[in-house]
Amino acid sequence: AQSVTQLDSQVPVFEEAPVELRCNYSSSVSVYLFWYVQYPNQGLQLLLKYLSGSTLVKGINGFEAEFNKSQTSFHLRKPSVHISDTAEYFCAVVRISSGSARQLTFGSGTQLTVLP
Amino acid sequence: DTEVTQTPKHLVMGMTNKKSLKCEQHMGHRAMYWYKQKAKKPPELMFVYSYEKLSINESVPSRFSPECPNSSLLNLHLHALQPEDSALYLCASSQVVGRADTQYFGPGTRLTVL
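Heads up: the protein sequence lines correspond to chains X and E, in order. Plus 115 on top of the position in the first sequence (first one is 1) and you've got the numbering used here. Plus 300 on top of the position in the second sequence (first one is 1) and you've got the numbering used here.
If you are wondering where the hints come from, they were derived from the structure by calculation, not from laboratory data. In this text, all values refer to a predicted model and were calculated from it rather than measured experimentally. The reader is advised that the hints may include incorrect statements.
[What the hints assert, rightly or not] Heads up, simulated BS3-like pairs for lysine-lysine below, C-alpha to C-alpha not over 27 Å straight-line:
{"hint": "1", "chain 1": "E", "residue 1": "Lys-318", "chain 2": "E", "residue 2": "Lys-353"}
{"hint": "2", "chain 1": "E", "residue 1": "Lys-340", "chain 2": "X", "residue 2": "Lys-164"}
{"hint": "3", "chain 1": "X", "residue 1": "Lys-164", "chain 2": "E", "residue 2": "Lys-336"}
{"hint": "4", "chain 1": "E", "residue 1": "Lys-341", "chain 2": "X", "residue 2": "Lys-173"}
{"hint": "5", "chain 1": "X", "residue 1": "Lys-164", "chain 2": "E", "residue 2": "Lys-318"}
{"hint": "6", "chain 1": "X", "residue 1": "Lys-164", "chain 2": "E", "residue 2": "Lys-341"}
Take the sequences, apply the hints, and build the full model.
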């Protein structure tokens, strides 16, 4: 089975500062990786995903993430945050396998709060 | 268009009521999912439908009854719920089960059981 660890449950940061949200995973097989964002009282929106190819993935709203296979990490970064980035962020993985239903395994989430 | 719609947005029901949640997508996706999300927690998978057939039931109590009448529509029938079932219920869809196609989520139904 795979698991996902989001190391920080809460990250406060000032507006226009850079931010990194950390995500580590463990799996005995290869996985695909995702970051989702959830704004208050809303559903989940896909920020970005890594399936294959370049390990640096760019997503929406200026976010990017880097897949590091040796460190089993997929940290999310943004060089300059805005108040509107305040939300809950979930890292998720799905195991690469054929012939079986895919299931997203979510981390516990990181609450990003951008301060004025 | 990557939209998944859910109705109603909010639902309040008593423990003896019967109600249904509805989810719809028109992206041609053949996999649809129900998740339950409690406050400050990640979503928990409840059911997966693949080509309109139930493929995964994560040991969900029988008071939750899913239905997939066609490839675009997913329902969750609720009966005799408990207050601890109060949560945000999320629907998602993806191109096909068995590949790492992205799951697209709806806005959710906020359920309160009195």
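Practice problem: Could you check the structure against the hints above and give me the numbers of any it violates, in ascending order? | Solution: 5
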